[in-house]
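Novice: For reference, the chains in residue letters:
Protein chains: 4
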Amino acid sequence: MSDNSFGHLFRVTTWGESHGPAIGCVIDGCPPRIALSEADIQPWLDQRRPGQSKFTTQRQEPDSVEILSGVFEGRTTGTPISLLIRNVDQRSRDYGDIAERYRPGHADVAYDLKYGIRDYRGGGRSSARETAMRVAAGAVARQVLGAGIRIRAALVQVGTHRIDRGRWNWDSVGDNPFFCPDPETVPVWEAYLGAVRKAGSSVGAVVEIVAEGVPPGLGAPIYGKLDSDLAMALMSINAVKGVEIGDGFAAAALTGEENADPMRMEDGRLVFAANHAGGVLGGISTGQALVARFAVKPTSSILTPVASVTRGGENVEVSTRGRHDPCVGIRAVPVGAAMMACVLADHLLRHRGQTGHDPRLA
Amino acid sequence: MSDNSFGHLFRVTTWGESHGPAIGCVIDGCPPRIALSEADIQPWLDQRRPGQSKFTTQRQEPDSVEILSGVFEGRTTGTPISLLIRNVDQRSRDYGDIAERYRPGHADVAYDLKYGIRDYRGGGRSSARETAMRVAAGAVARQVLGAGIRIRAALVQVGTHRIDRGRWNWDSVGDNPFFCPDPETVPVWEAYLGAVRKAGSSVGAVVEIVAEGVPPGLGAPIYGKLDSDLAMALMSINAVKGVEIGDGFAAAALTGEENADPMRMEDGRLVFAANHAGGVLGGISTGQALVARFAVKPTSSILTPVASVTRGGENVEVSTRGRHDPCVGIRAVPVGAAMMACVLADHLLRHRGQTGHDPRLA
Amino acid sequence: MSDNSFGHLFRVTTWGESHGPAIGCVIDGCPPRIALSEADIQPWLDQRRPGQSKFTTQRQEPDSVEILSGVFEGRTTGTPISLLIRNVDQRSRDYGDIAERYRPGHADVAYDLKYGIRDYRGGGRSSARETAMRVAAGAVARQVLGAGIRIRAALVQVGTHRIDRGRWNWDSVGDNPFFCPDPETVPVWEAYLGAVRKAGSSVGAVVEIVAEGVPPGLGAPIYGKLDSDLAMALMSINAVKGVEIGDGFAAAALTGEENADPMRMEDGRLVFAANHAGGVLGGISTGQALVARFAVKPTSSILTPVASVTRGGENVEVSTRGRHDPCVGIRAVPVGAAMMACVLADHLLRHRGQTGHDPRLA
Amino acid sequence: MSDNSFGHLFRVTTWGESHGPAIGCVIDGCPPRIALSEADIQPWLDQRRPGQSKFTTQRQEPDSVEILSGVFEGRTTGTPISLLIRNVDQRSRDYGDIAERYRPGHADVAYDLKYGIRDYRGGGRSSARETAMRVAAGAVARQVLGAGIRIRAALVQVGTHRIDRGRWNWDSVGDNPFFCPDPETVPVWEAYLGAVRKAGSSVGAVVEIVAEGVPPGLGAPIYGKLDSDLAMALMSINAVKGVEIGDGFAAAALTGEENADPMRMEDGRLVFAANHAGGVLGGISTGQALVARFAVKPTSSILTPVASVTRGGENVEVSTRGRHDPCVGIRAVPVGAAMMACVLADHLLRHRGQTGHDPRLA
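Chains as they are written, first to last, in the UniProt record's numbering: chain A, 1 to 362; chain B, 1 to 362; chain C, 1 to 362; chain D, 1 to 362.
In short, the hints are calculated from the structure, not lab data. Among the hints, a few may not be true.
Copies of the same chain are indistinguishable here, so a pair counts whether it falls within one copy or spans any two.
[As the list claims (entries may be wrong)] Cut-off 20 Å, straight-line C-alpha distance, at most; resulting in silico cross-link-like pairs (EDC-like, lysine to aspartate or glutamate):
| hint | residue 1 | residue 2 |
| --- | --- | --- |
| 1 | K198 | E257 |
| 2 | K54 | D175 |
| 3 | K54 | D89 |
| 4 | K198 | E258 |
| 5 | K54 | E190 |
The shape of chain A in the complex, shown without the other chains:
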C-alpha cells in the first residue's frame, strides 16, 4: 500500500512539493523494450504548463523533464523509470500569509489536522503542481498502449456555460486556451473567464475524456473494475468533486429501454448502436469508446475575504492575492487524459497477466 502511488502493474509513485527543489515520479512495471525518451513526454507536459494564457496561473515553469533511470539506448529496460522536474519559479514570498491563515475551501487546514505540520509554501504537497507528474506518467503510459489507443480530453463546461455537444470538433481543442471542442463557445468562455479573473474570482468546470480503440476485456470485477479504477484516478486529481462514466448521473433518469445499448454482429465484429454505458459493462471494457467526465470545483484562491481561522485558533478573514488559476479545470484537461492512459496501461498489463492474452492483438 502506498498513498502516493497508483496503478498496480503499471505503478506510478509521485513525490514533491510545490516549492521544494523538484518534483518527480517513479514508474514501476513498465514493459521492456518500449521506445522512450524525454521527447515523448515533454509535449504532453507543455500542454499542462502554467502561464500559457491569462486564464491560468502566471507561475513560469518550463517543466523540463529528465529521465534518470529505466531507459537504455532509447528503450525501456523493465526497471523503474525515474522522472524529475526541477522547480524553477518558487516565489515563496507570494505565499507567506498562508503559513498561518487557512484558505477556506483549501487543503491547508486538513493537512494540519492530519499531520500537525505542513509545507505551506505554494500549497506544498497539495499544490496542483503535482499533476505535472501525472501528465509525465501518462505520456509513458501512451507509449505502452501504442498508437491504436487514442485518448483525448476536452473542457465541456466552465462555470455555468456548457458547450453545445452538437458542434463537438476534436480539431478545435488545440486551437484555444480552454481545450474547448466547440469553437462557438470559445468567445463566450473568453469573455466570461476574463470577467471572473478581473474580479479575482474563480469558477468550476467539467472535463470529458474519450479513449478510442480500447480493446474489449480490460477491467477486472469486482473491485478492480475499469470504471472504479478510473473513478479513483480522476477523483484523486486536485479539486475534483464528481466522476461519471458514459451517461453517468443522467442514467438515473433513464428507463431500461432507453439505457440499453443494442448490439449487432456486423462483418463478424460486434458493434453497438449506442454508448450509454460509456464503453464499460460489469467493470470490463466492451470495445466501445471509453467515456468519462469529472467536475472540478472553483479554486479557493479568491480576492473576496471569507471567514476563516488561523493555525493558532483565531478568527480571521482570508483573501488570496498573487497569481492563481481563475479556472483550474482548464489545466485539468491534460491531467484527466493522462490518468486515463495510466489506468488503461495498468489494466492492459493486468489483463495479460491473468489471461496470457494481449487484447490488442485479437
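Given the coordinates of chain A, assemble chains B, C and D onto it according to the supplied hints.
Specialist: Just chains B, C and D, lined up with the frame of chain A:
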C-alpha cells in the same frame, strides 16, 4: 493486488456466484477485541434482502450469515474473519436463456470477452447478490468505527422523480420500501415504480450517503484520498455510473465565493458555516459530515426486446422474463452505506498506523 | 496489504482456526479456463493429512475440500476460487490447559502480547492446521503451471540424522512415512523418531524442494525476486527458522571459482555445468532446476516440564500431554512444495503481465 | 504491487542503475514530525561506501545524499520523502566487455532472458550500487524507530573462516574494515582476503544482525510475519543465498527440550532464559533481541576464466578485470542492518494501525 478485495488495512475479499452453493467474504486486518457476533451483522443484511416489497426482485433468500473464523468468545481476535451465506433460492431454470443470448446493457458479453467463459446462472459473479457481502463487511466496519460515527443512506431520486430536500427526514427512511427520506415523495414513487414494474421496465436512481461524527484527518493524499477511495468503492457497486462528493457536479457551476465553506472557532472547536466540500478537503476529512452520492443505471432486465447477439455470433432480440428489480437503486442504499463504513474503517486504521494517533480520541 | 494473503497476481488468502467450524482460502487472480475440480486438490491434501503414521499427530481429519466458487462446468472462470475444509476432530478438551499457561517456544505468548486475546483451542490461528490451505492452493497453482513444471520435495535431515545425497531417489519419497529420498536412511529415522516419540520429545528437520522445468525469466528484481519471494513464502510456514537457495549457507565458504556455474550453448540451448545458484541469478530464474531448502525447529509440545508463565503473570512449569507431532518437519514437506508452486504461478502471471510473453511457450 | 518497492506502511521504492546519472528512492508513509536531515542519513551511507579499504571495490563514490521532498524545516511532513544520490564515478569503459559476454554466476544472462534488453554498464540495475538506497532508507527508518531500538550488524564468517563467538565485542565492529566483532579474527581475515584479492578471486561471507529493544507484538501472522518479511528483505540483497532467524538451520538438529526458551516473570516483566527463537514466536516479536543471519555468495567477478556464452549464442571464456569486491559480504553488513530497520519501522506502523497501540509506550 487482488481484484476481488478492497481496502488496505481493513481489507475485504469477496467471493461467490449468484447460483453457486454460497457467497462469502474474508475480512482481514480487523482490530482485536471488538465485540462481534452474527447478531451485529444480520440486521444490516435484512435491510438489503430481496423480496421484501414488490419493488425488488422476488428471489427469496434469508441471507443468513455465519461467522466461520476470527471471533472467539464474542470478540474479534485480530485474525481473518470469514463470513458465509448459503444460497438458497437458485432457480436456475429461470435463466437458461442467458447462457447463449447476451442481455444488452448487462455484463454477460463483457465477461465472455474477457474470460472466454462465464457462469451464466443468475448472472454468476456479476449478480448484485455479491453486494450482500459488502453489507456484511460494512456491519463489521461499523463495529470497528464505534457508535460515534453514524452512517446513513437514502434514495433521493428514482427515475425522473427527485425528493424535495427541504422535507428531508431521516426517520422516514425506515418507514417505506424505498429508503426515501421525504414522506411526501413515497406515494409518488410508489405509483411510478408500480407502473414501471407492470410494464416490465426499469429505472435508475440516485443514492445519498451521509456519515456524521467522522473525525478530522482521515484520508491520505495524493492517491489514498478519502474521496478517491470512496469514489472507487461506490463505483464498484453494480450498475453505478457516477459518484460525487459534497456539491459534486453542481460545484462546476459555482464561483469560488459560493463554494468556500467559511470557518470559525466556536468554543475552541472548528466549525464550518457550510459544507459544499462534503466533509473532505485535499482528500482529508475535516470533521464535517461526509456526504457522497451515486447514480445507479436502470437494470438491463426488461420485457421489451432489444437487439443483441448470441455467444455464437448470431443477431437476436433479447427480452428478460422472470423476477427482476424494477429499480436496483433501492437495494443499493444499504450497500452504499456499507461501502462508506468500510472505507472509513480502513482509513481510521491507516491514519493511526502513520500518525500513531486515533482521531476519535481527540 | 493483507497479513493473511500471499502472492500478487495469483493471490491466496487463508482463514480459519484449528478448532473453529472450518478453515478455508480464497484464490484470486487464477487464469480462466483451467481444468479444476476437487479431485485435482484432494490427493495433495491427503499427503499432508495428519494421523497417517505414528510419527505425526493422531488428530483424525479427512481434510475433505469443497470448491464453493470460481469454477463452472469443470473450468475456472477467472473469478475468486473459494475452498473450504470443515474441521471434524476438534477435541477441545485436550487443550484446556493452554488457555492460561504459555508453552515455551510456542506462539501462545506472542499472540497474547500482540492482540490481548487468543483463540487458544488447538493453537487457534497459529496451528499448523492452516497449512492445509497452502497445500490446497498449491494444487490449484500446479494446474496453472501445467505438467511441464514439476515440483517435488523431500525430507533431507531429521534431528541430527541427514540423508546420504548420493543415494537420492525421488521414487523412494512416496514409499515411506518421512518423504525420505534415501531408502537406507528410512530405518535410521524410524528408530530415532520412535524413541523421540516415546520420550514425549520432538526434533527439527530440513526439507528440500526442487522444481524442474521452470522457464527462464521468472522473478522480478529488486524486491520481487523469485528467491526473496520464496524466502518469504517458506519462512511463513509454521516453525521454519531458515531458508536457503541453491548452495545457501554453504556458498559463504566458497570462492568465486567454485561458485560459478559455467555456461555453454548446446544444440542452440543454454546449459549450465553446475547449479550452485539453485536456478536463480539476480532474482530471476535461469531455466535450471529451482532448489530451495528450509529448516524446521522441533515442536514446542513436549512432555518434559519447562519453566514458563501464565496469562496472569505467575511462574509455572509447562509440559504438553496429548497428541502432537514428534517431527513437524515431516508434514512440512508437501507444504513447502505447495508454497513453491504458488510462488511460481504468481511469478508466471507477473512475468506475462509485464512482458506480454509466456515463457513456457519459448 | 511493485517489484521495486518493499514494506507496506513504511514503503520504500528504489530506482536507478549503476552508471546512470543518479540513484534514488522514495519513502512513503513515514510518520509526520520526525526529525530528519541529510546529516541523519549520511553517516550510514559512509559506512557502506566503496573504496574505503583495499578489500572493497575501488570505485570512488562520495554517495552524497539529497532530500528532495517530504521534509520541512527539519521535520518530516507525512508526504513522500525523495532521496537522491548522483553517480560520480561511472567508468563505463571498464565494463565494455560485459555488454556481450555473460559473467557466470552473475545476473547478466538472467536479465537478458527476462527482458530481452539490459543496461550492462556496471551491472545496471543488478549492481550492488542499489543497496546505497537501502541504507539511506534504513537511516530514515531508524529515526522512526527512535533511540530505544538499537540495530547492529557484524560479519561473522568470511570464506572458510568464522569468528569465535566467545570473543564477540560490538565495540570492535567499527575498528576494522570488515565489521568484525572478534578482534583476534581481524588479522586472520586480513591475510586471507589479501591473498584472495591478489589472486583476483572472491569469497562468500555470513552477516549477523541483532536488534535490541524491539517491543513485543511486531509482526502479523500468517503471511505478514516479522520473520518472513525479514527473510524476504534480506534475501533481496544482492548475492544473498540464505537467511536464518535465531538458531536457524541449527534448530533442525535440536530437540524440543533444547530449543525451548524458558520464560519467567521477574519484577513484573517477562524474561526469557535463552533465545533460540531469535526474538520471534509465531511470526511475532517477543521482546527478546531479534537475531537474523544471512549468507552472501562470492562475487562472480574473478580473474580466472570460466566457460560462458555471449548474447549472440557463442561459447566463450569470461574473466573479469578491473575493480571489484573480493568479498561483497563486507559491504552487505550495513545493508542488512538497514533492511532490518525498514522491516521494523513498517511493522511498527502496521501494528499500531491494527491495534491502535504503540508497543514502545507499553
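Novice: All hints are to be evaluated individually against the structure, with a verdict given for each.
Specialist: How the hints compare with the structure:
1. When the C-alpha separation of K198 and E257 is checked against a cutoff of 20 Å, the pair qualifies only between copies, where the shortest distance is 14 Å, while the shortest distance within a copy is 48 Å.
2. In this homomeric assembly, K54 and D175 come within 20 Å of each other (Cα to Cα) only inside a single copy, at 15 Å, whereas the closest approach across copies is 55 Å.
3. In this homomeric assembly, K54 and D89 come within 20 Å of each other (Cα to Cα) only inside a single copy, at 17 Å, whereas the closest approach across copies is 46 Å.
4. Proximity of K198 and E258 under a CA criterion of 20 Å is satisfied inter-copy only: 17 Å between copies versus 44 Å inside one chain copy.
5. Taking CA atoms no more than 20 Å apart as the test, K54 paired with E190 passes inside one copy only; the shortest distance there is 10 Å, against 53 Å between copies.
The structure meets every hint from the earlier list without exception.
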